[in-house]
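If you read the sequences in order, they're chains A and B. In this text, residue positions in the first sequence follow my numbering: the first is 1, and each later residue adds one. In this text, residue positions in the second sequence follow my numbering: the first is 316, and each later residue adds one.
Among the clues, some could well be false.
Said to hold, decoys possible - With a cut-off of at most 20 Å between alpha-carbon atoms, the simulated PhoX-like pairs for lysine-lysine come out as follows: (1) A:Lys134 - B:Lys328; (2) B:Lys320 - A:Lys109; (3) A:Lys135 - B:Lys671.
Stated by the list, open to error - Chain B residues, not near chain A, derived (Cβ > 12 Å throughout): (4) Met316; (5) Lys324; (6) Thr435; (7) Ser685.
Quick caveat, the hints were computed from the structure, so don't treat them as lab data. Keep in mind it's a predicted model, so treat the numbers as computed, not measured. Quick reminder that beta carbons are idealized off the backbone N, C-alpha and C, glycines included.
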Amino acid sequence: MGTVIEIDNLVKRYKELIALDHLKLTVEEGEIFGLLGPNGSGKTTAINCILALLYFDKGSVKVFGEEIQPNSYEIKKKIGVVLQNVAVFEELTVQENIDYFCGLYIGDKKLRKQYVEEATVFSGLEDFRKFYPKKLSGGLLRRLNIACGIAHKPKLIIMDEPTVAVDPQSRNRILEGIQELNRKGATVIYTSHYMEEVEQICSRIAILDKGRCVAFGTSEELKGMIKTGEKIHLEAAGLLPFHLEEIKELRHVYKVDYREGMLEIRCSGGKHNLVHILDYFGKREIGFGRVYSELPTLNDVFLEITGKELRDSAE
Amino acid sequence: MQLFKVFFKILNKNKGQLIMYTAIYLSLTLLMSGVMKEQAEEEFTGISLEIALENRDQGELGAALEEYLGESHKIKEIPEGTEALKDAIYYGEIDYVLVIPEDFSEKFAAGDRERLLDGTAVPGSSSSYLAEYDMESFLKTADMYLSAGFEMKDAGDFAMEDMKEKGKVEFLNQEKGPSFSRGYYFFHFIPYVFVTMMILGVGVVIKTFQNKDLSARNKCSAVPYLQQSLQILLGCLVYMLAVFAVFMVMAGCNTGNYLFTAQGILSAINALLFAVCALCVSWFAVQFADNTAVLNAMSNVFGLGFSFLGGVFVPLDVMGETSRKIARFVPSYWYVIANEEIQKVSGFSEAGAIYKSYLAVVMFSLAFFSAGLLANRMKMRGR
Ligand SMILES: Nc1ncnc2c1ncn2[C@@H]1O[C@H](COP(=O)(O)OP(=O)(O)OP(=O)(O)O)[C@@H](O)[C@H]1O
Ligand SMILES: [Mg+2]
Chain A
1 MGTVIEIDNL VKRYKELIAL DHLKLTVEEG EIFGLLGPNG SGKTTAINCI LALLYFDKGS
61 VKVFGEEIQP NSYEIKKKIG VVLQNVAVFE ELTVQENIDY FCGLYIGDKK LRKQYVEEAT
121 VFSGLEDFRK FYPKKLSGGL LRRLNIACGI AHKPKLIIMD EPTVAVDPQS RNRILEGIQE
181 LNRKGATVIY TSHYMEEVEQ ICSRIAILDK GRCVAFGTSE ELKGMIKTGE KIHLEAAGLL
241 PFHLEEIKEL RHVYKVDYRE GMLEIRCSGG KHNLVHILDY FGKREIGFGR VYSELPTLND
301 VFLEITGKEL RDSAE
Chain B
316 MQLFKVFFKI LNKNKGQLIM YTAIYLSLTL LMSGVMKEQA EEEFTGISLE IALENRDQGE
376 LGAALEEYLG ESHKIKEIPE GTEALKDAIY YGEIDYVLVI PEDFSEKFAA GDRERLLDGT
436 AVPGSSSSYL AEYDMESFLK TADMYLSAGF EMKDAGDFAM EDMKEKGKVE FLNQEKGPSF
496 SRGYYFFHFI PYVFVTMMIL GVGVVIKTFQ NKDLSARNKC SAVPYLQQSL QILLGCLVYM
556 LAVFAVFMVM AGCNTGNYLF TAQGILSAIN ALLFAVCALC VSWFAVQFAD NTAVLNAMSN
616 VFGLGFSFLG GVFVPLDVMG ETSRKIARFV PSYWYVIANE EIQKVSGFSE AGAIYKSYLA
676 VVMFSLAFFS AGLLANRMKM RGR
């Protein structure tokens with residue numbers, strides 16, 4: 001297994017704004033690599049640097065072991081691109097669009113015909129072959145965008161938020177499709193600000209914030225990096241400040257929030273956290289309603305590292 | 316050749332509009348060239364009427380009038396008998412019947428002009444007013460000489476000479492003006508058509524390819540950027556030649572063998588060079604058009620603007636000194652100048668002034684192309 005992409009000390013400035021700040025990443029062959037970050041964190045900028053669409057100020061980007069340049073056409077042949085903004089011709093039908101983009105890579109007509117057909121079926125666009133993009137729903141349009149990017153069966157697929165503004169059903173279809181492409185041997189880079197989907201399909205994840213990679217690893221590794229091991233939510237009315245103080249003294253509990261009758265308790269690892277807490281409520285004879293416990297999410301990882309909510313800044 | 320193919324698919328999607336414009340322009344051009352040519356011919360040759368005339372006058376004026384009318388019209392004898400006359404009128408053999416009375420000269424000299432000549436216009440013959448007009452002018456001139464103290468015979472002769480002279484002056488004037496070849500009129504309106512056709516045709520396609528997202532996507536592909544540009548350029552050239560060819564076929568249909576004369580070939584070269592120029596103008600214009608509405612506006616700005624400034628819609632002679640000076644800064648002016656010059660030459664060796672105008676159009680093409688390139692660079696850098 002070789003390294004497909006190697007980004008080292010990448011710096012990209014837009015005038016005053018530092019969009020990428022000494023970014024360092026490696027993507028290995030055969031993985032689905034997730035770039036997770038809120039809006040404006042530099043995901044698209046990073047992708048554009050990998051594709052040599054942008055000149056950068058410092059650092060290096062190697063793709064398939066070679067420094068990428070605007071004229072690295074041999075490398076570009078092996079890359080499939082799904083850009084954040086849908087890029088299709090309004091004047092061409094679904095089928096013609098796929099054929100056009102596939103034709104930018106595949107000269108052989110017979111082979112191309114077969115590839116176009118496969119991509120059409122793969123994206124579930126069989127019933128829309130003769131449709132013009134204007135007539136497609138948002139989800140179908142995204143699928144067409146993907147079909148155009150992957151029809152030529154590239155070794156490396158770069159996708160920039162391919163599921164933005166897509167309903168959950170279409171999104172799941174797309175995610176399954178990406179996993180299928182990966183099973184067939186493609187390496188995938190996938191950017192998103194939806195942590196759930198990144199968690200669902202990516203083998204390794206880099207979390208970006210303000211152009212820097214703030215955390216890097218598998219989803220498990222990332223969650224292991226933070227203090228929170230478990231989050232317990234409890235519905236209770238009329239808790240007093242000294243109650244909260246006492247709860248905070250319990251074993252493993254390190255943070256307590258009480259808002260609008262909802263208590264959120266963060267525990268660092270350990271077992272039986274819920275039992276200890278319920279014991280306390282019993283001893284104090286405080287009544288409570290709903291209780292549930294959660295494992296940490298990537299949002300918690302982001303929150304702890306940057307002090308911001310990934311979700312709030314993203315949505 | 317993916318981009319080249321898509322170039323024409325996009326054009327094809329917009330063909331309705333293009334065909335509509337072509338049809339409108341073609342019919343306009345044909346109509347205008349037809350109308351203007353006929354008008355010019357009419358003025359030049361005048362209309363020859365069949366006039367049935369009987370001169371009963373004993374004096375000199377009647378004879379002079381008869382001779383004068385005979386110059387531009389056909390004089391016949393009045394058929395004998397009412398039946399024959401009616402038939403002749405019915406079958407259109409006669410446009411005007413005139414009997415010059417016996418005492419015509421006498422009465423005229425005495426200043427008695429009331430109901431002196433008894434002419435009858437054939438009902439429904441719209442040209443017969445001409446006979447009356449001719450007679451009127453002649454008699455007025457003769458009257459002038461009479462009042463100046465000339466004898467009746469001399470007055471008649473002088474009047475006749477004067478009238479002939481006047482005809483000649485008109486004739487000279489018109490030959491000096493470029494009015495007589497059908498080819499001139501057909502080619503005259505081409506600047507408007509070509510500029511509009513190029514901006515609406517090529518403009519739409521280039522605008523699509525320059526779309527930010529599509530151009531980024533195309534740059535990610537394995538087709539070298541230079542090759543992509545060349546494919547689009549090739550598309551532009553093919554489209555331009557196709558438009559040119561359509562118009563040359565139309566010119567051929569409309570102007571007969573004009574295209575196979577030296578003048579016709581010079582006109583065709585003029586049109587081809589202008590087509591190239593219109594292409595460059597559209598390349599320039601599209602850099603400032605982000606949507607179809609703006610592009611349509613551009614086609615009007617450049618199409619109409621060039622035509623009004625350059626003397627396509629308003630003849631250059633009519634334009635003031637200042638306007639003519641401004642006109643030098645639009646390519647259509649040089650096209651129109653060349654088109655006029657072409658009418659004055661009969662071979663390629665005399666065409667020096669025309670080549671100068673050609674050169675001016677070529678320079679404009681280069682200027683617009685470079686300016687478009689510059690604007691394009693700036694736009695790309697802005698992204
Ligand atoms: N062409 C540009 N000129 C100036 N600033 C830019 C330009 N493109 C991006 N930026 C800025 O660079 C930063 C990173 O933008 P980028 O598009 O890479 O973010 P992103 O992570 O892809 O966000 P999103 O989730 O919204 O797509 C942002 O602050 C953005 O405002
Ligand atoms: Mg982005």
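Hint by hint, here is what the structure shows:
Between A:Lys134 and B:Lys328, the direct Cα distance comes to roughly 14 Å. Compliance with the 20 Å bound is thereby established for this hinted pair. Using a Cα cut-off of 20 Å, the hinted pair B:Lys320 and A:Lys109 holds, with the two alpha carbons roughly 14 Å apart. For the given pair, A:Lys135 sits about 53 Å from B:Lys671 by alpha-carbon distance, which is inconsistent with the 20 Å threshold. The Cβ of B:Met316 sits about 9 Å from the closest Cβ of chain A, inside the 12 Å cut-off, so the non-interface label is violated.
Here B:Lys324 does not stay apart from chain A, with its beta-carbon only about 6 Å from theirs, under the 12 Å limit. The non-interface label for B:Thr435 is consistent with chain A: the shortest C-beta to C-beta separation is roughly 69 Å, beyond 12 Å. For B:Ser685, the requirement that its beta carbon stay farther than 12 Å from each beta carbon of chain A is met, with the minimum near 23 Å.
Going through the hint list in order, the structure does not satisfy hints 3, 4 and 5.
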